[in-house]
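Student: For the record, the sequence lines run as chains C and B.
Numbering of the first sequence is given in this note's numbering, commencing with residue 17 and proceeding in unit increments.
Numbering of the second sequence is given in this note's numbering, commencing with residue 17 and proceeding in unit increments.
One thing to keep in mind: the hints can contain errors.
Repeated chains share a single entry, so a pair holds when one copy, or any two copies, can fit it.
[Said to hold, decoys possible] Calculated lysine-lysine pairs in the BS3-like style (CA-CA distance at most 25 Å, straight line):
id: 1; residue 1: Lys273; residue 2: Lys20
id: 2; residue 1: Lys192; residue 2: Lys212
id: 3; residue 1: Lys291; residue 2: Lys371
id: 4; residue 1: Lys308; residue 2: Lys192
id: 5; residue 1: Lys273; residue 2: Lys356
None of these hints come from the bench; they were simulated from the model.
Number of protein chains: 2
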Amino acid sequence: MNFKIIATDENSRARVTQFETSHGIIETPVFMPVGTQATVKTLTPDELSEIGFKIILANTYHLYLQPGADVIEKAGGIHKFMNWNDSVLTDSGGFQVLSLKELRKISNEGVQFKSFIDGSTHFFSPEVVVETQEKIGSDIIIHLDICGTYQSDWKETDRELDITLQWAKRSLVAKKRKDQIMLGVVQGGFYKDLRKKAAEEISSMGFPGFTLGGLSIGEERALTEEFVDYTVPLLPGDKPRYLMGVGDPLSILEYIKMGVDMFDCVLPTRIARNKSLFTKHGVVKITKNIYKEDFTPIEDNCDCYTCRNFTKAYLHHLFKAKERLAGRLATIHNLFFLQKLILNIRQSIKSGTFKEFLRDFKNIYSQINNK
Amino acid sequence: MNFKIIATDENSRARVTQFETSHGIIETPVFMPVGTQATVKTLTPDELSEIGFKIILANTYHLYLQPGADVIEKAGGIHKFMNWNDSVLTDSGGFQVLSLKELRKISNEGVQFKSFIDGSTHFFSPEVVVETQEKIGSDIIIHLDICGTYQSDWKETDRELDITLQWAKRSLVAKKRKDQIMLGVVQGGFYKDLRKKAAEEISSMGFPGFTLGGLSIGEERALTEEFVDYTVPLLPGDKPRYLMGVGDPLSILEYIKMGVDMFDCVLPTRIARNKSLFTKHGVVKITKNIYKEDFTPIEDNCDCYTCRNFTKAYLHHLFKAKERLAGRLATIHNLFFLQKLILNIRQSIKSGTFKEFLRDFKNIYSQINNK
C-alpha cells in the first residue's frame with residue numbers, strides 16, 4: 017500500500033502519512049464521513065468531493081441487509097453503485113451485530129443474529145464477512161472481531177480476544193482479492209496486558225494497518241485516552257492506525273497527538289441534522305432565537321457552500337419550518353469544518369507548529385461552552 | 017410588464033408568450049416549482065437554476081407565520097433570504113386560510129384565522145395580504161379572494177364573488193410597490209354566469225394578468241376542464257393566464273391547449289418524495305422489485321443530474337433504506353422532466369407542431385397506466 021511518513025511532530029506522536037488504495041492516495045490524519053447505507057446522509061458524492069474528501073466509510077452490516085452484497089457486486093461494486101470514485105472503507109459489521117444483545121449468539125465459528133428489518137436469521141463468520149466486503153468492493157476492509165463492553169472482566173475479555181485473534185487469522189486465509197487492504201483489529205478491552213498481547217499478536221500476522229477496537233464505546237473519556245495512549249506505541253510505526261467512532265474536533269486533535277492517523281464518526285453529520293453547527297468557538301444550536309434575524313453566514317470566513325450562499329437566519333428558518341434542506345446545508349458546513357481542521361492540522365505538523373495550533377484551537381473552541 | 021405573444025397554435029388556444037418581472041424575463045407556458053416555505057423541498061436554488069427554472073412559487077400564508085414577513089423584509093426580501101436570483105410568485109394565502117374550516121371566520125373586512133403552529137389569532141384583510149407580499153418582496157403577487165367549494169350554491173358563490181371583487185379593488189388601492197405585478201383572481205365557482213361576471217369585472221380593473229381561481233379544488237376533472245375552457249376566452253388575450261394547482265403532464269398539456277400560460281403544483285415534488293418518478297411512459301414507482309437490480313438510469317435519454325449519475329437500483333435502494341438523498345434525487349428528476357416537457361411544448365407551438373406533439377406524448381405517456 018506504499019505507506020510513507022511525510023512529517024512527524026517533535027513534541028508528540030502526531031504525524032502526516034500517506035498510503036495508496038485502489039482508488040487513490042490517502043493522506044493522514046484523515047477524517048472519513050460515514051455513509052452507512054452507501055450514502056453520506058443528505059449529500060451527493062459530488063458534494064463530498066467538493067468539500068475535499070478522498071475516502072468515506074460504509075457499514076458492511078447495513079449493506080449486507082439492504083440492498084445485499086450481491087446487488088452491489090452486480091452493480092460493479094460500491095463505487096459504481098453509489099457513483100463515488102474515491103476510496104471506501106467498510107467495517108466488519110461486528111460492532112453492529114454484537115450490539116443486538118438479545119438478537120445474537122456468539123460461538124468460535126462466528127455470530128448468529130437476526131435482521132432488524134424482517135427478523136430473519138443470519139450468520140457472520142470471519143469468512144462471510146470477508147466475502148461480503150469482497151462483493152461490496154471497498155478499498156479497505158476489516159475482519160470480524162468481538163468488541164466487548166467496558167464492564168467485561170479480564171477472563172471474558174481474554175477469551176474474546178483469543179477468538180478475535182483466531183478470526184483475524186481465518187480472515188487472512190479467506191481473503192482472495194488483491195486490490196483490497198485488510199486492517200487488523202487490536203482488541204483487549206481495558207486491560208493493558210491484554211492490549212499488549214493483542215497488539216503483539218495482530219502485528220505479527222502481517223496486516224498493513226490497524227484499528228484500535230473496543231474503545232470509545234461508552235466508557236469515561238479519560239479511560240479511552242489512557243488506552244489509546246497506551247496502545248498506539250505497541251503498534252509498528254510504519255503502518256496506519258485507525259480509531260473508530262471519534263468525530264468531535266477536540267478529541268480528534270487529542271488522538272492525533274497520540275499518534276492516531278484515521279478517524280470516522282457519525283457525529284458531524286448527525287448533529288448537523290439535529291440543528292448543531294461547528295464553529296471555531298464551539299458548537300452552536302442554530303434554532304436559538306438569537307439567530308432568527310442574523311443575516312450573516314454561520315462563520316464569516318468559512319468557504320463552505322452553505323456559508324457562501326446562506327445566512328444563519330435562513331438556516332434557522334429552515335430548521336424551524338422542518339425543511340429537509342436544513343439538514344443538508346448543515347451537514348455540508350459541519351463536514352467542511354472538520355475537513356478544514358484536518359487540513360490545518362496536517363499543515364501545522366508539516367511546518368512544526370502542531371503544538372501551537374492545538375493550544376490556540378483549544379483556547380478558542382471552548383469559548384461557547386464557557387458561556 | 018412588457019407582455020408579448022411570441023407564437024400561437026393554429027388548432028387551439030395554445031401560445032408562447034413572454035413578460036418581464038423585476039427579476040427577469042418569463043417565457044410561457046411555464047411551470048413554477050412550489051417553494052412553500054422559501055425552499056423547494058430538498059433542493060438548493062442552484063439546482064433549480066441548473067434545471068432551468070426562472071420562477072418559483074412561495075406561499076404567503078406559510079411565510080407570514082414562519083419566519084414572518086418582517087424577517088424576510090429585514091433580510092432584503094425573499095430573493096436574498098433564500099438566495100434565489102430569479103422571479104418569485106406568491107399566492108394570497110387565502111386558499112390556505114379558508115381551508116382551515118373550523119379555525120377561520122370570514123367577513124367583508126377579511127378572514128380571521130388561527131395559526132396551525134401555536135393557535136394564535138390572526139387577521140388577513142386584502143390590505144394585510146398586499147402589505148405582507150410587499151414585505152416578502154415577490155415579483156408577482158396575488159390579492160386576497162374567497163375560494164368556495166365545488167358544492168357551494170349559486171347564491172353563496174355570488175355573494176363570495178362580490179366580496180372577492182371588492183377585495184380586488186381594495187388591493188389595488190393598497191398596493192404601493194411599483195416593482196411588483198399583481199394578478200387579478202377570477203372566481204365565480206362552477207356557474208358560468210358568475211364566471212362571466214367575474215371575468216368582466218376583474219378585467220375592467222386593469223390587472224396585468226389573471227389567475228383562474230377556485231378550480232381544481234376537488235371537483236371532477238371534466239368539470240375543471242369545462243370551466244377552464246369556458247373562462248379563458250372571457251379574459252383579454254394580451255395578458256397572462258394562470259391556473260393554480262395543476263402539475264401532472266397530461267393536465268398541463270390539456271390546459272395549455274385551452275390557453276393557460278402559467279402553472280404551479282406540489283405534485284412533481286411531492287410524488288418524488290413518495291417514490292414516484294415521471295417517465296415518458298407514465299409514472300413509475302421506483303421501489304417496485306423489478307428495479308432492485310436495474311443498473312440503468314430512470315430514463316435512458318434523460319439529461320437530469322440524477323439520470324446522469326445514478327441508476328434505478330441505487331434510487332430503489334435509497335428509498336428502501338429511507339435515505340434522505342432519495343427524495344432529493346427523485347425531485348430533481350421529476351422537475352427536470354416537467355421543465356423539459358414545457359420546453360418541448362414551447363418549441364412545438366413555435367414550429368406549428370403542437371397538435372402532433374400533444375397526440376404523440378399522450379400515446380406514449382399512457383403506456384404504463386394501461387399495463
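Student: Provide an ascending list of the numbers of those earlier hints which the structure does not satisfy.
Tutor: Of the numbered hints given earlier, those the structure breaks are 2, 3, 4, listed in rising order.
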